[in-house]
Amino acid sequence: MIKGKLLKELRKLNKKNHVLFEAVFKKADEMCINPQHYKNLNYPLNKYKRVHIDSNFVLCFSVDEKE
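Heads up: the sequence shown runs through residues 810 to 876, numbered per our numbering.
Just to be clear, a hint being listed does not mean it is correct.
The following label-pair restraints were derived from C-beta to C-beta distances [what the hints assert, rightly or not]:
1. Lys824 - Asn855: 30 to 38 Å
2. Asn855 - His827: 17 to 25 Å
3. Lys824 - Asn851: 30 to 38 Å
In silico BS3-like cross-links for lysine-lysine, where the CA-CA straight-line distance does not exceed 27 Å [said to hold, decoys possible]:
4. Lys858 - Lys821
5. Lys835 - Lys821
6. Lys836 - Lys858
7. Lys835 - Lys825
8. Lys875 - Lys835
9. Lys817 - Lys836
10. Lys824 - Lys875
11. Lys812 - Lys858
12. Lys825 - Lys814
Hint data in this document are derived by calculation from the structure and do not stem from the laboratory. The beta carbon of each residue, even a glycine, is placed where N, CA and C say it ideally should be.
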């Protein structure tokens, strides 16, 4: 689920770079299917995972198993 500030930033990204916007949503779909596939960050950020988008950007995310 995408919410808050990220949603606002994605709307701006859609206007500026639609190709990157589509790549972010494609990765988001993959993350929803199998979030454990992605690598954890190092301590002290080890509760977050990372995924590379379009080979130039890294998206850091956390998984809330309750939702």
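For the pair supplied as a hint, Lys825 and Lys814, confirm whether the alpha-carbon distance does not exceed 27 Å.
-> Roughly 17 Å between the alpha carbons, so the hint for Lys825 and Lys814 holds.
Between Lys835 and Lys825, is the straight-line Cα distance small enough, at 27 Å or below?
-> 18 Å, holds
Verdict for Lys824, Asn851 (Cβ pair) under range 30 to 38 Å = 34 Å, holds
Quick one, are Lys812 and Lys858 close enough, alpha carbons at most 27 Å?
-> Holds, at about 18 Å.
Measuring from beta carbon to beta carbon, are Lys824 and Asn855 in 30 to 38 Å?
-> 35 Å, holds
For Asn855 and His827, compare the CB-CB distance with the range 17 to 25 Å and indicate the outcome.
-> 34 Å, violated
Given hint Lys858 paired with Lys836 - CA-CA distance at most 27 Å | Between Lys836 and Lys858 the Cα gap is close to 13 Å, so the pair holds against 27 Å.
Is it true that the CA of Lys835 sits at most 27 Å from the CA of Lys821?
-> Between Lys835 and Lys821 the Cα gap is close to 17 Å, so the pair holds against 27 Å.
Is Lys824 close enough to Lys875, meaning Cα to Cα at most 27 Å?
-> Answer violated: Lys824 to Lys875 is near 33 Å, above 27 Å.
Hey, Lys875 versus Lys835, does the alpha-carbon distance stay inside 27 Å?
-> The hint holds at about 23 Å.
Does Lys821 lie within 27 Å of Lys858 when you go C-alpha to C-alpha?
-> 24 Å, holds
Within 27 Å, alpha carbon to alpha carbon, are Lys817 and Lys836?
-> Holds, because 18 Å separates the two Cα atoms, which is no more than 27 Å.
Of the hints listed earlier, those the structure fails to meet are numbers 2 and 10, in rising order.
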